[in-house]
Amino acid sequence: GAGVSQSPRYKVAKRGQDVALRCDPISGHVSLFWYQQALGQGPEFLTYFQNEAQLDKSGLPSDRFFAERPEGSVSTLKIQRTQQEDSAVYLCASSLVRGVTYNEQFFGPGTRLTVL
Amino acid sequence: AQKVTQAQTEISVVEKEDVTLDCVYETRDTTYYLFWYKQPPSGELVFLIRRNSFDEQNEISGRYSWNFQKSTSSFNFTITASQVVDSAVYFCALSGTGKNSGYSTLTFGKGTMLLVSP
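Top to bottom, those sequences are chains P and U. First residue of the first sequence? That's 50 in the numbering used here, and the numbers climb one at a time after it. First residue of the second sequence? That's 16 in the numbering used here, and the numbers climb one at a time after it.
So that you can see chain P by itself, here it is in the shape it has in the complex (with noise of 0.2 Å):
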């Protein structure tokens, strides 16, 4: 497809439980971002990855929170033993070049995780 996609949509997770989250960026984008967005909130930063490299996770809340990108392609942000305070939106965002300020980011629309 033409833009980001993210899934799955919608997850439902026990306390407890180890969630996936899948992101594929635009096509030759190099830089990757996740984003977590609790309700009535913007979104704030997790981590970034240019390339396969993983330049800054100083957004992750808690070591239980995990972030790859192998391939330098599709990225999957890994929680374990979720808990309800987990229960949020996650973004993904690509953008085409690495650095520079001005560097639009193009978002995918989310996966919606709520935990019971």
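Source of the hints: derived by calculation from the structure; they are not laboratory data. As the structure is a prediction and not an experimental result, all values here were calculated from the model. A portion of the hints provided could be inaccurate.
[To be verified] Selected chain P positions facing chain U (Cβ under 10 Å, derived; list incomplete):
| id | residue |
| --- | --- |
| 1 | Arg-58 |
| 2 | Tyr-84 |
| 3 | Gln-86 |
| 4 | Gly-89 |
| 5 | Glu-93 |
| 6 | Phe-94 |
| 7 | Tyr-97 |
| 8 | Leu-140 |
| 9 | Glu-153 |
| 10 | Gln-154 |
| 11 | Phe-155 |
| 12 | Phe-156 |
| 13 | Gly-159 |
[As the list claims (entries may be wrong)] The calculated lysine-lysine pairs, modelled on BS3-like cross-linking and capped at a C-alpha distance of 27 Å, are:
| id | chain 1 | residue 1 | chain 2 | residue 2 |
| --- | --- | --- | --- | --- |
| 14 | P | Lys-106 | P | Lys-63 |
| 15 | U | Lys-18 | U | Lys-85 |
| 16 | P | Lys-127 | P | Lys-60 |
| 17 | U | Lys-18 | U | Lys-125 |
| 18 | P | Lys-106 | P | Lys-60 |
| 19 | P | Lys-106 | U | Lys-53 |
| 20 | U | Lys-53 | U | Lys-85 |
| 21 | U | Lys-18 | U | Lys-53 |
| 22 | P | Lys-127 | P | Lys-106 |
| 23 | P | Lys-63 | P | Lys-127 |
| 24 | U | Lys-53 | U | Lys-31 |
| 25 | U | Lys-31 | U | Lys-125 |
| 26 | U | Lys-125 | P | Lys-106 |
| 27 | P | Lys-60 | U | Lys-125 |
| 28 | P | Lys-127 | U | Lys-125 |
| 29 | U | Lys-53 | U | Lys-125 |
| 30 | P | Lys-60 | U | Lys-53 |
| 31 | P | Lys-106 | U | Lys-18 |
Cβ atoms here follow ideal geometry from the backbone N, Cα and C, with glycine treated the same way.
Following the hints, position chain U against chain P.
Chain U only, in chain P's frame:
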């Protein structure tokens, strides 16, 4: 640290009214970019406009216009002759320099929900 404040939580207007969404930002960067994104009920963030810190010229693009004032750290967004399809949450965002200065991340405000009724 960077911060974006959108003081308006929700705005309701009647179709064809003009509406202005306020945004105030804080940053220590000398070079930065400001953005407005729209998030319809489907959830996807849609890019609307971008402005860099060196250019305070205000522009109009169709029904959208923006007022960037560095002196007051404000980047307000106006929709002229609003339409029902404009109903969405609007986010103001600020680009920042990543920790290694080789990339940027976006800092978002909390959003303003715009409701346009017929």
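Do the hints match the structure? See the list:
With a least beta-carbon distance of about 8 Å to chain U, the hint placing Arg-58 of chain P at the interface is held under the 10 Å criterion. Restraint check, Tyr-84 of chain P versus chain U: the minimum CB separation of about 8 Å is within 10 Å; hint holds. Of the supplied interface hints, the one on Gln-86 of chain P holds, with its beta-carbon coming within about 8 Å of a beta-carbon of chain U, less than 10 Å. Using the Cβ-Cβ criterion of 10 Å, the hint placing Gly-89 of chain P at the interface with chain U is satisfied: the shortest such distance is roughly 7 Å.
Nearest Cβ of chain U to the Cβ of Glu-93 of chain P: about 7 Å, under the 10 Å cut. The hint holds. For Phe-94 of chain P, the interface hint holds, the least distance from its beta-carbon to any beta-carbon of chain U being 5 Å, beneath 10 Å. At a threshold of 10 Å, the smallest CB-CB gap from Tyr-97 of chain P to chain U is about 6 Å, leaving the interface hint in force. Proximity of Leu-140 of chain P to chain U holds as hinted, the smallest CB-CB distance being about 7 Å (cut-off 10 Å).
Evaluation of the Glu-153 of chain P hint against chain U yields a held restraint, the C-beta minimum of about 6 Å falling below 10 Å. Given the 10 Å rule on beta carbons, the hint for Gln-154 of chain P holds: about 6 Å separates it from the nearest Cβ of chain U. With a least beta-carbon distance of about 7 Å to chain U, the hint placing Phe-155 of chain P at the interface is held under the 10 Å criterion. The criterion of a C-beta within 10 Å of any C-beta in chain U is met by Phe-156 of chain P, whose closest approach is roughly 4 Å, and the hint holds.
Interface restraint check: Gly-159 of chain P against chain U, minimum CB-CB distance 5 Å, threshold 10 Å, status holds. The straight-line distance between the Cα atoms of Lys-106 of chain P and Lys-63 of chain P is roughly 25 Å, inside the 27 Å bound, and the hint therefore holds. For the hint linking Lys-18 of chain U to Lys-85 of chain U, the alpha-carbon distance of about 15 Å falls within 27 Å, and the restraint holds. The straight-line distance between the Cα atoms of Lys-127 of chain P and Lys-60 of chain P is roughly 13 Å, inside the 27 Å bound, and the hint therefore holds.
Between Lys-18 of chain U and Lys-125 of chain U the CA atoms are separated by roughly 10 Å; this keeps the pair inside 27 Å, and the hint holds. For the hint pairing Lys-106 of chain P with Lys-60 of chain P, the CA-to-CA distance comes to about 23 Å; that is within 27 Å, so the pair holds. With a C-alpha separation of about 26 Å, the suggested pairing of Lys-106 of chain P with Lys-53 of chain U holds against the 27 Å cut-off. Our distance criterion of 27 Å between C-alpha atoms is met by Lys-53 of chain U and Lys-85 of chain U, whose separation comes to about 23 Å.
Taking the CA atoms of Lys-18 of chain U and Lys-53 of chain U, the gap is near 19 Å; set against the 27 Å cutoff, the hint holds. Restraint check for Lys-127 of chain P and Lys-106 of chain P: the C-alpha separation of about 13 Å stays at or below 27 Å, so the hint holds. The suggested pairing of Lys-63 of chain P with Lys-127 of chain P holds, with an alpha-carbon distance near 15 Å, which does not exceed 27 Å. Under the criterion of a C-alpha separation no larger than 27 Å, the hint pairing Lys-53 of chain U with Lys-31 of chain U is consistent with the structure, at around 19 Å.
For the hint pairing Lys-31 of chain U with Lys-125 of chain U, the CA-to-CA distance comes to about 26 Å; that is within 27 Å, so the pair holds. As the CA atoms of Lys-125 of chain U and Lys-106 of chain P are separated by approximately 22 Å, the hinted pair is consistent with the 27 Å bound. Distance check on the hinted pair: Lys-60 of chain P and Lys-125 of chain U sit about 24 Å apart at the alpha-carbon level, within 27 Å; holds. For the hint linking Lys-127 of chain P to Lys-125 of chain U, the alpha-carbon distance of about 25 Å falls within 27 Å, and the restraint holds.
At roughly 12 Å between alpha-carbon atoms, Lys-53 of chain U and Lys-125 of chain U fall within 27 Å of each other, so this suggested pair holds. Annotation: proposed proximity of Lys-60 of chain P to Lys-53 of chain U holds, straight-line Cα distance about 24 Å (limit 27 Å). Our distance criterion of 27 Å between C-alpha atoms is met by Lys-106 of chain P and Lys-18 of chain U, whose separation comes to about 19 Å.
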